[in-house]
Structures are given as structure tokens and as C-alpha cells.
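Could you build all of it, start to finish, from the sequences and the hints given here?
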Amino acid sequence: MMDRHQDRGAAVLARAETLLQNGNADAAGALCSSVLSENPKHIDAIHLSARLAYAGGRIKTAVRLLRNAIHLAPQNSTYACDLGIALQAEGDMRAALACFRRAIDNDPDHWEAHFRCGVIEQEHGNLDAAASDYRRVVDINPGVAEAHNNLGAIYKARGDWPAAIACFNAALKILPDFIEAYHNLAEVHAKKGDWEAAAGHLEKIRALKPDRPDILIRIGDLFRDAGKLPAAMAQYRQALTMAPDLAVAHFKLGFCLGEREQYAQAMDHYRQAIQFKPDSPEPYINLGNLFAKLDQPAEAAPCYRKAIRLKPQAVKPYYFLGCVLRDKGDLQQSLTVTQKALEIDPSYAEARFSLALSLLLRGDYASGWRAYEARMKLKTSHGDYPYLGKRPLWDGGAFRGKTLLVQSEQGFGDILQFVRFLPLVKRSGGRVIFETYAPLRDLLRSFPGVDRLTCTSDGLIPGEAFDLYVPLMSVPARLGTLVDTIPADVPYLFADREKERLWRSRIDPHGLRVGIVWTGNPDYDKDRARSCRLADFESVSRLQGVRLFGLQKEVSEADRSLADTMGMCLLGDSFQDFSDTAAAIHQLDLVISVDTAVAHLAGAMGKPTWILLPKSPDFRWLTQRTDSPWYPTARLYRQDRQGDWTALLARVCRDVGLLATARR
Numbered sequence: 001m002m003d004r005h006q007d008r009g010a011a012v013l014a015r016a017e018t019l020l021q022n023g024n025a026d027a028a029g030a031l032c033s034s035v036l037s038e039n040p041k042h043i044d045a046i047h048l049s050a051r052l053a054y055a056g057g058r059i060k061t062a063v064r065l066l067r068n069a070i071h072l073a074p075q076n077s078t079y080a081c082d083l084g085i086a087l088q089a090e091g092d093m094r095a096a097l098a099c100f101r102r103a104i105d106n107d108p109d110h111w112e113a114h115f116r117c118g119v120i121e122q123e124h125g126n127l128d129a130a131a132s133d134y135r136r137v138v139d140i141n142p143g144v145a146e147a148h149n150n151l152g153a154i155y156k157a158r159g160d161w162p163a164a165i166a167c168f169n170a171a172l173k174i175l176p177d178f179i180e181a182y183h184n185l186a187e188v189h190a191k192k193g194d195w196e197a198a199a200g201h202l203e204k205i206r207a208l209k210p211d212r213p214d215i216l217i218r219i220g221d222l223f224r225d226a227g228k229l230p231a232a233m234a235q236y237r238q239a240l241t242m243a244p245d246l247a248v249a250h251f252k253l254g255f256c257l258g259e260r261e262q263y264a265q266a267m268d269h270y271r272q273a274i275q276f277k278p279d280s281p282e283p284y285i286n287l288g289n290l291f292a293k294l295d296q297p298a299e300a301a302p303c304y305r306k307a308i309r310l311k312p313q314a315v316k317p318y319y320f321l322g323c324v325l326r327d328k329g330d331l332q333q334s335l336t337v338t339q340k341a342l343e344i345d346p347s348y349a350e351a352r353f354s355l356a357l358s359l360l361l362r363g364d365y366a367s368g369w370r371a372y373e374a375r376m377k378l379k380t381s382h383g384d385y386p387y388l389g390k391r392p393l394w395d396g397g398a399f400r401g402k403t404l405l406v407q408s409e410q411g412f413g414d415i416l417q418f419v420r421f422l423p424l425v426k427r428s429g430g431r432v433i434f435e436t437y438a439p440l441r442d443l444l445r446s447f448p449g450v451d452r453l454t455c456t457s458d459g460l461i462p463g464e465a466f467d468l469y470v471p472l473m474s475v476p477a478r479l480g481t482l483v484d485t486i487p488a489d490v491p492y493l494f495a496d497r498e499k500e501r502l503w504r505s506r507i508d509p510h511g512l513r514v515g516i517v518w519t520g521n522p523d524y525d526k527d528r529a530r531s532c533r534l535a536d537f538e539s540v541s542r543l544q545g546v547r548l549f550g551l552q553k554e555v556s557e558a559d560r561s562l563a564d565t566m567g568m569c570l571l572g573d574s575f576q577d578f579s580d581t582a583a584a585i586h587q588l589d590l591v592i593s594v595d596t597a598v599a600h601l602a603g604a605m606g607k608p609t610w611i612l613l614p615k616s617p618d619f620r621w622l623t624q625r626t627d628s629p630w631y632p633t634a635r636l637y638r639q640d641r642q643g644d645w646t647a648l649l650a651r652v653c654r655d656v657g658l659l660a661t662a663r664r
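Residue 428 in the UniProt record's numbering sits at position 428 of the sequence shown, and the numbers go up by one each step.
Keep in mind the hints are simulated off the structure, nothing from the lab.
Where hints are given, some of them may not hold.
Restricting the straight-line Cα-Cα distance to at most 30 Å, the calculated cross-link-like pairs of lysine-lysine (DSSO-like) are [stated by the list, open to error]:
#	residue 1	residue 2
1	K390	K379
2	K228	K209
3	K204	K191
4	K340	K306
5	K615	K526
6	K390	K340
7	K156	K204
8	K293	K377
9	K277	K340
10	K192	K402
11	K377	K328
12	K526	K340
13	K311	K209
14	K156	K173
15	K379	K340
16	K191	K379
17	K379	K526
18	K311	K340
19	K377	K306
20	K228	K390
21	K156	K209
22	K499	K526
23	K526	K553
24	K191	K209
25	K377	K402
26	K191	K228
27	K277	K209
28	K228	K277
Derived DEER-like restraints, expressed as beta-carbon distance ranges [as the list claims (entries may be wrong)]:
#	residue 1	residue 2	range
29	Q332	D451	27 to 35 Å
30	P423	R94	54 to 62 Å
31	D577	D523	16 to 24 Å
32	I140	D268	18 to 26 Å
33	R542	D451	48 to 56 Å
34	A366	R641	26 to 34 Å
35	G329	G125	38 to 46 Å
36	P108	D128	14 to 22 Å
37	D211	I174	22 to 30 Å
This one's a predicted model, so the numbers in the text were calculated from it and none came from an experiment.
Glycine is no exception: its CB is placed at the ideal position from the N, C-alpha and C atoms.
If you want it as C-alpha cells, here you go:
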């Protein structure tokens with residue numbers, strides 16, 4: 001009797017398979033149900049019902065049926081693998097991986113289970129395990145092109161170009177129109193610098209899929225990642241001719257245009273990306289970043305707020321919003337928003353560093369210096385701290401009998417400002433090695449508190465040469481420095497006497513001698529906000545009894561012509577290093593500078609120094625004050641409105657005029 005039922009069930013299920021293959025899933029399901037009504041434990045009917053449920057999108061039903069099948073046949077590798085596939089569809093990767101491993105335990109040659117294990121392991125960054133699974137797949141079934149391709153992707157991630165290329169070529173031998181493999185080959189050859197080979201593979205992709213805008217976008221991404229922005233933009237534009245409403249193409253084109261400083265066009269494409277995909281936060285974030293880069297924080301803030309509404313748990317919009325709120329002068333709101341970013345992701349170094357800048361700007365040095373340590377974990381600081389981890393960080397305690405390496409960091413101005421702490425460091429113990437940059441070597445050659453001065457150009461200091469290490473700008477935190485305990489005795493930097501005599505002969509002693517600096521390093525991301533124009537000083541140059549001297553090394557041809565018209569002498573052309581700058585400053589009566597290293601040098605030399613600050617100044621200048629706790633001889637001139645140098649220079653011109661009159 002049982003045999004007849006089994007025979008009948010097998011025959012019915014065979015018809016059901018035929019119906020399924022012909023696309024008639026409902027009729028196939030009805031036949032399965034008829035078999036199960038007679039024998040609820042008919043395992044083949046259960047399995048086929050699970051397959052039908054999965055194909056129909058009823059994943060939970062498929063999972064339940066497959067668990068029943070495994071209960072009845074625990075050694076069946078097919079059922080275990082199919083359950084893993086269903087669990088993958090539910091998003092339960094851990095349970096899916098366990099099912100695939102169970103299938104392999106039941107049948108070590110089950111290549112599909114190995115392949116799916118490899119995919120999950122690869123997605124989770126377990127590349128060694130994934131590579132082992134893919135190798136097993138190609139051993140069992142060499143004709144699985146995807147396994148060759150995925151194994152090649154792992155070799156590519158490891159930088160093993162020959163192995164990666166061999167895998168991708170193997171995949172293409174099996175599947176000649178495998179676009180993913182061509183794309184991977186192009187990427188590898190691009191990374192190797194062989195753009196002729198890369199271009200050949202890209203052309204094959206285009207030939208295979210000439211009308212697919214998504215393929216053009218992938219090609220564009222490859223060019224973009226290689227720094228070939230015009231070629232990338234051409235691909236994105238071609239994609240938009242096929243699909244003008246393709247938001248991702250507008251977004252990527254906007255990014256490239258922004259990188260090429262074509263800001264208006266970039267913004268236009270970001271706005272179109274928003275129009276065609278209004279629920280995506282990324283275009284809002286990038287649009288906000290462009291406004292911020294253009295020193296327009298008021299326009300940037302609403303973009304970040306919109307991104308936050310779209311994705312409240314995304315950390316970056318909070319971080320960026322905190323930055324522009326600080327730029328707007330709303331420090332309390334900046335701190336609140338940045339704290340929210342850190343609640344979402346306490347390990348986000350960029351947000352903690354931004355928090356530090358806001359705390360320091362408002363004068364909360366106790367908390368600010370601690371948070372400022374996050375700078376060493378920034379993505380942009382990679383390679384800036386080569387000694388980190390090689391020796392213990394100095395904690396501020398005594399180090400008698402030991403050697404401490406203090407490493408310069410960031411810009412020249414930072415070093416000139418913070419080098420004042422070295423004599424205090426020396427009091428805590430033994431020997432101090434100070435590593436700095438070559439242009440500062442002569443200026444700092446005999447600086448107190450330094451037993452050995454070395455430069456980065458001399459090469460890395462071997463680990464055995466020191467016992468403890470600290471970056472220079474971590475010293476205030478170690479010493480517990482507050483606003484009212486800043487060591488501010490000036491001068492602490494001095495001009496070389498021989499160079500003083502040389503520069504004395506070059507600079508006429510008559511009149512009020514004023515050195516000026518109007519621009520900083522253009523590579524600094526805030527340079528647009530901190531720099532003014534030489535033309536802003538024209539009214540000062542016309543004052544009776546005032547003589548201007550340019551103290552910056554880099555001067556454009558247009559500014560050279562204007563300087564000649566203004567009767568200004570450009571001294572920077574003769575500067576070899578900062579010891580020359582110091583010697584020239586020593587001959588002057590006043591230095592007027594935007595926020596650059598020259599301002600710090602003049603302040604450290606005790607020279608009357610007027611520092612011109614944007615509406616949103618760097619953290620060291622605090623807020624509101626017209627004086628500086630760092631430099632007693634400095635006077636701070638602050639913008640009243642963002643980007644308005646005209647009104648600020650009018651005040652400067654008035655005060656220079658008063659000073660010149662008083663000297664006559």
C-alpha cells in the first residue's frame with residue numbers, strides 16, 4: 001500500500017516539476033498539496049512546496065517547510081543548502097552561513113554551498129575564509145565563472161595583480177560576456193598604470209552593453225577613482241543622454257565638477273539628483289559641503305538638516321552641520337549637534353575633533369585639549385604621526401633619565417606657536433629631542449629646552465634613540481594648560497644677529513615700516529576664508545609716512561604688478577627660510593597679517609602684530625577678544641560679516657594712520 005502511495009506521489013511530483021518548468025506554478029502547487037494530503041511526511045513534496053514558496057516570494061513559508069524537510073532528512077545537503085538560500089533572502093546571514101556549512105559537512109563536494117559561504121564571508125571581510133571556499137568551488141567545478149571572478153576580487157583587494165588577472169581571465173574563458181570580470185580586469189590594469197590595457201577592457205564592456213547607462217556609470221567610477229575626472233565626466237554625461245532623470249549620474253557628475261572647482265555646475269547637478277531622487281541624503285550632504293567650501297555656512301546648514309531628516313541615524317550630516325554652525329558663530333548649537341554625532345558613533349574621530357575645535361574656540365581648554373587628541377585618528381592624518389605606537393606616549397609626568405621625542409606637526413604656524421612649551425617640557429625630566437621641518441631649522445637651532453634638534457628631511461629617528469614620544473600639539477593637554485596659564489612671555493623667538501645686520505642694510509629706516517601678509521597656503525582647506533586681497537591694502541599704502549613690505553614668499557604676477565603700483569617692496573623673494581623672515585621682521589615697526597605662520601612668528605618675536613581674522617576664526621583666537629592670550633603684543637581685527645574684508649581693512653587703515661601720525 002505504501003509503495004503504491006510512494007509510486008503515485010513520485011508520478012504526481014514529476015508532473016508538478018514539468019508544470020513548474022512550464023511556468024504553471026499554481027498547478028504545480030496544487031499537485032504538491034494533493035500528495036501531502038495523502039502523506040504529510042512525503043519529503044520530496046515538502047521540498048518542492050518549499051521551492052514553490054520561495055519562487056513565489058513567500059520566504060517564511062519556504063523556511064518553515066525546509067526546516068521540516070531537514071528534520072525528516074538531517075543528512076540531506078540539498079535541503080540544508082536551500083534553507084541557507086532562503087535565510088539569505090530573509091537577511092539572516094549568520095544562520096544562512098551555518099546552513100551552508102552543514103550542507104558541506106553532509107557533502108564536502110557541494111560546490112554551491114561552498115560558493116555561497118564564500119560570498120557571505122567575502123561580504124563580511126573574512127577574505128581568507130572566502131578565498132578557501134572559492135578555491136574549493138573551482139576544484140570541484142572549474143566551470144563556475146563567478147567563483148573565479150570572486151576569487152580574483154580577493155586577490156585584487158590584496159594587491160596581488162598577477163593572481164587577480166589570472167582569475168578574471170579564467171572567468172572570461174568560461175563566460176566570454178562576463179561584464180563584471182572585464183570591469184575587474186580594467187580596474188586592476190588601471191591600478192597598475194596600464195591604461196591601454198584598461199581601456200581595452202572598458203571598450204569590451206561598452207560593446208557588450210552599449211545601451212546600459214548603469215554600465216557607463218561603472219566605467220565612469222573607474223576613471224574617477226584613477227583621478228581621470230574628464231574621462232569620468234564624459235561617461236556620466238553619456239549616461240544622462242540615455243537617462244536624463246538618472247539621479248546617480250547627476251550625483252557623480254556633480255562630485256567631479258566640484259573636484260574641478262566648477263562649483264555652480266556641480267550644485268546644479270546635485271539639485272537635479274535631489275529632484276529625481278528626493279529621498280536620498282547624499283546629494284544634500286555634498287551640496288552642503290560645496291556651500292561650506294565656498295564659505296557660505298548659512299546656505300550649507302539647511303542641506304545638512306534635510307539629510308538628517310531623511311536619515312536620522314547617519315553620523316556625517318550631524319558632523320558637517322556642527323562644523324558649519326561653528327563657522328556661523330553658533331558654538332552652543334555646534335556642540336549640541338556634534339555631541340549627537342558622537343552618540344550615534346562614539347568612535348567617529350572627525351566629530352570628536354570638531355568638538356575639540358568648538359570647545360577650544362570658546363575657551364574651554366580643559367575639555368578641548370583632551371578632545372583634540374582625536375586628530376591623530378583622523379582619516380586625513382594617515383602618515384602624519386610615524387612614531388605613534390613605537391614608544392609609549394608621554395603622559396606629562398617626570399621622565400628623568402629618559403629621552404623624550406617631541407614631534408612637530410601640522411603647519412609652520414602651529415609649530416611657532418606651540419614651541420613655547422618646550423622649556424616647560426624640559427623641566428619634567430631628562431633629554432628632549434625635537435623634530436621639526438627644515439625651513440625652521442636655523443630659527444630654532446638654539447631654542448631652550450631642546451637637547452637635540454632634527455628635521456623630518458633627515459629621515460625617521462630610530463626607536464632606540466628615545467624612550468617616550470609626544471606630538472607637539474599634545475603638550476598643552478599634558479601640562480593642563482588653560483587660557484590663563486598659557487606661557488606668554490615674549491619674545492621667545494629671535495632673529496640671527498648676522499642676518500639682522502644684512503637686512504638692516506636692505507630696509508630703509510625712514511617712515512613707519514609695515515610688513516604685510518595677505519594670503520596663506522592655498523592648499524589649506526580654509527584658505528579661501530582666511531585670505532584677503534593685496535588690493536585691500538591699497539588705502540594703507542597711500543597713507544603719508546607709511547611704507548609697506550611684502551613678507552610672503554608666494555606672490556602672483558598680478559599682485560607683483562599691483563605691489564609695484566603701490567610702491568611696496570616684496571621681501572619674500574629673498575627669504576630662504578624662516579630665519580630670513582625673522583631677520584626682516586626685526587627691522588619693521590609693525591606686522592599686519594592674515595592668520596598665517598608670519599603672524600605667529602611676529603607675535604613670538606614680541607613685534608607689534610595686527611592679525612586679520614575671518615568671521616569664523618581658528619580655535620586659537622577665541623571669540624570676541626581684540627587681544628590674544630598667546631601673544632601679548634598682538635591686536636586682533638575680526639570681520640563683522642562673513643567675507644567682508646573691506647570694512648575690516650578700513651579700520652586697519654584708520655589705526656595705521658593714527659600710528660603714523662603719532663610717530664611724526
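Now for the hints, and whether the structure bears them out:
1. K390 x K379: Cα-Cα ~20 Å, so holds.
2. K228 x K209: holds, 22 Å
3. K204 x K191: holds, 19 Å
4. K340 x K306: With Cα atoms ~16 Å apart, K340 and K306 stay inside 30 Å; holds.
5. K615 x K526: Holds: K615 and K526 sit about 12 Å apart, inside 30 Å.
6. K390 x K340: violated, 34 Å
7. K156 x K204: Holds, because 20 Å separates the two Cα atoms, which is no more than 30 Å.
8. K293 x K377: Since the Cα atoms of K293 and K377 sit roughly 23 Å apart, the hinted pair holds (cutoff 30 Å).
9. K277 x K340: Within the cut-off at roughly 27 Å; holds.
10. K192 x K402: violated, 46 Å
11. K377 x K328: holds, 26 Å
12. K526 x K340: holds, 25 Å
13. K311 x K209: violated, 34 Å
14. K156 x K173: Judged against 30 Å, a Cα distance of about 19 Å means the pair holds.
15. K379 x K340: Holds - the C-alpha atoms of K340 and K379 are around 20 Å apart, at most 30 Å.
16. K191 x K379: holds, 21 Å
17. K379 x K526: Distance of about 18 Å is within 30 Å: holds.
18. K311 x K340: Holds - the C-alpha atoms of K340 and K311 are around 14 Å apart, at most 30 Å.
19. K377 x K306: Given that 30 Å is the threshold and the Cα spacing comes to 28 Å, the pair holds.
20. K228 x K390: Violated, at about 38 Å.
21. K156 x K209: Given that 30 Å is the threshold and the Cα spacing comes to 24 Å, the pair holds.
22. K499 x K526: Violated. K499 to K526 sits at ~33 Å, over the 30 Å cutoff.
23. K526 x K553: Holds, because 19 Å separates the two Cα atoms, which is no more than 30 Å.
24. K191 x K209: Satisfied, since the Cα-Cα distance of roughly 24 Å is no more than 30 Å.
25. K377 x K402: holds, 27 Å
26. K191 x K228: It holds: about 12 Å lies between the C-alpha atoms, which stays within 30 Å.
27. K277 x K209: Measuring from Cα to Cα gives roughly 25 Å; hence the hint holds.
28. K228 x K277: The hint holds at about 27 Å.
29. Q332 x D451: 27 to 35 Å: Cβ of Q332 to Cβ of D451: about 45 Å, so the range 27 to 35 Å is violated.
30. P423 x R94: 54 to 62 Å: holds, 58 Å
31. D577 x D523: 16 to 24 Å: Once the Cβ atoms are compared, 19 Å apart, the range 16 to 24 Å for D523 and D577 holds.
32. I140 x D268: 18 to 26 Å: Once the Cβ atoms are compared, 53 Å apart, the range 18 to 26 Å for D268 and I140 is violated.
33. R542 x D451: 48 to 56 Å: holds, 51 Å
34. A366 x R641: 26 to 34 Å: holds, 32 Å
35. G329 x G125: 38 to 46 Å: holds, 42 Å
36. P108 x D128: 14 to 22 Å: holds, 19 Å
37. D211 x I174: 22 to 30 Å: holds, 25 Å
The earlier numbered hints that this structure contradicts are 6, 10, 13, 20, 22, 29, 32.
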